[in-house]
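Using the sequences and the hints given, assemble the complete structure.
Chains as they are written, first to last, in the numbering used here: chain A, 20 to 130; chain B, 4 to 120.
Keep in mind the hints are simulated off the structure, nothing from the lab. Being a predicted model, the structure only gives us computed values, none of them experimental. A virtual CB, placed ideally from N, CA and C, is assigned to each residue, including glycine. Check each hint, because a few of them may be wrong.
Stated by the list, open to error - Pairs of lysine-lysine, DSS-like flavour, derived with a Cα cap of 30 Å: (1) K67(B) <-> K117(A); (2) K75(A) <-> K67(B); (3) K17(B) <-> K86(A); (4) K61(A) <-> K23(B); (5) K44(B) <-> K61(A); (6) K61(A) <-> K17(B); (7) K61(A) <-> K69(B); (8) K69(B) <-> K21(A); (9) K58(B) <-> K89(A); (10) K61(A) <-> K67(B); (11) K89(A) <-> K17(B); (12) K21(A) <-> K67(B); (13) K117(A) <-> K44(B); (14) K58(B) <-> K117(A); (15) K86(A) <-> K44(B).
What the hints assert, rightly or not - From chain A, some residues computed to sit far from chain B (all C-beta separations above 12 Å): (16) P27; (17) I37; (18) S39; (19) K75; (20) K86; (21) Q99; (22) S101; (23) T113; (24) Q116; (25) T122; (26) G123.
Said to hold, decoys possible - One side only, chain A facing chain B, incomplete, derived with CB under 7 Å: (27) K61; (28) P63; (29) P100; (30) F115; (31) F120; (32) G121.
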Amino acid sequence: QKEVEQDPGPLSVPEGAIVSLNCTYSNSAFQYFMWYRQYSRKGPELLMYTYSSGNKEDGRFTAQVDKSSKYISLFIRDSQPSDSATYLCAMSRTGFQKLVFGTGTRLLVSP
Amino acid sequence: GAVVSQHPSWVICKSGTSVKIECRSLDFQATTMFWYRQFPKQSLMLMATSNEGSKATYEQGVEKDKFLINHASLTLSTLTVTSAHPEDSSFYICSAAGGRSSTDTQYFGPGTRLTVL
Chain A
20 QKEVEQDPGP LSVPEGAIVS LNCTYSNSAF QYFMWYRQYS RKGPELLMYT YSSGNKEDGR
80 FTAQVDKSSK YISLFIRDSQ PSDSATYLCA MSRTGFQKLV FGTGTRLLVS P
Chain B
4 GAVVSQHPSW VICKSGTSVK IECRSLDFQA TTMFWYRQFP KQSLMLMATS NEGSKATYEQ
64 GVEKDKFLIN HASLTLSTLT VTSAHPEDSS FYICSAAGGR SSTDTQYFGP GTRLTVL
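Structure, rendered in structure tokens:
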């Protein structure tokens, strides 16, 4: 079993839809949870990170962590075609070092 | 924002040859750099962590004699794949952080696609 599971997609939605991206994990020692966005031929870009359980909001993006279920989510409101990218979840025990990534979910937002 | 570049962006080589990949932080000093590898349909896997002026720390299962990492300056790290074989074909991506703390954000390069024939 992989430490971090993420549906590779693709996930296709119309512009304006609310998008839900999810990851599950098996290691209960993970404390830091990140979401990265990766455009084609570019490196991953940090969107948000959360420490321990709870919610965090930044503009159209909301990250949720449920440690009891070992489940994290990223919600994108009012999705735009420019949001089309691969979204990677990552997590670690100790901050930004020793990151364990999911495989990434490819999101396609159509105009 | 912090920019990390990689060179080359793609490389094709013959089996048995060595390939060097460069990772540069363009607008900040990278005390710590990380090298990852990603096989098709799989996740990014950390290969090694290097601090400027120190030997790299390799993850379990990564051969340090095959994947030579040099971090001789605060803006440049290199990964050399020695005696490359087809199974080394992968996407190699580096990241850089401005400090050694676990809370220092990593900034990723665009990656290098290596194909070994």
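For I37(A), is the shortest CB-to-CB distance to chain B above 12 Å, so the non-interface label stands?
holds, 26 Å
Hint validity - K61(A) Cβ closer than 7 Å to any chain B Cβ
holds, 5 Å
At 12 Å, judged by beta carbons, does T122(A) keep clear of chain B as stated?
T122(A) not clear of chain B: closest Cβ-Cβ about 5 Å, inside 12 Å.
Beyond 12 Å from chain B, beta-carbon-wise, is K86(A)?
holds, 19 Å
12 Å cut-off, C-beta based - T113(A) kept clear of every residue in chain B
Non-interface label on T113(A) violated, nearest chain B Cβ at 4 Å vs cutoff 12 Å.
Need the status of pair K58(B), K89(A): alpha-carbon distance at most 30 Å?
Roughly 35 Å between the alpha carbons, so the hint for K58(B) and K89(A) is violated.
Agreement of K44(B) and K61(A) with the hint, judged by alpha carbon distance not exceeding 30 Å:
With a Cα-Cα distance of about 17 Å, the restraint between K44(B) and K61(A) holds, given a limit of 30 Å.
Would the pair K61(A) and K23(B) pass a check requiring their Cα atoms to be no farther apart than 30 Å?
Distance of about 20 Å is within 30 Å: holds.
Is it true that the CA of K17(B) sits at most 30 Å from the CA of K86(A)?
violated, 47 Å
P27(A) remote from chain B - nearest C-beta pair above 12 Å
About 7 Å separates P27(A) from the closest Cβ of chain B, which leaves it inside 12 Å; violated.
K58(B) paired with K117(A) [C-alpha distance capped at 30 Å]
holds, 17 Å
Starting from K117(A), check that the Cα of K44(B) is at most 30 Å away, please.
Holds, because 20 Å separates the two Cα atoms, which is no more than 30 Å.
Checked against the numbered hints above, the structure violates hints 2, 3, 9, 11, 16, 23, 24, 25, 26 and 29; every other hint is satisfied.
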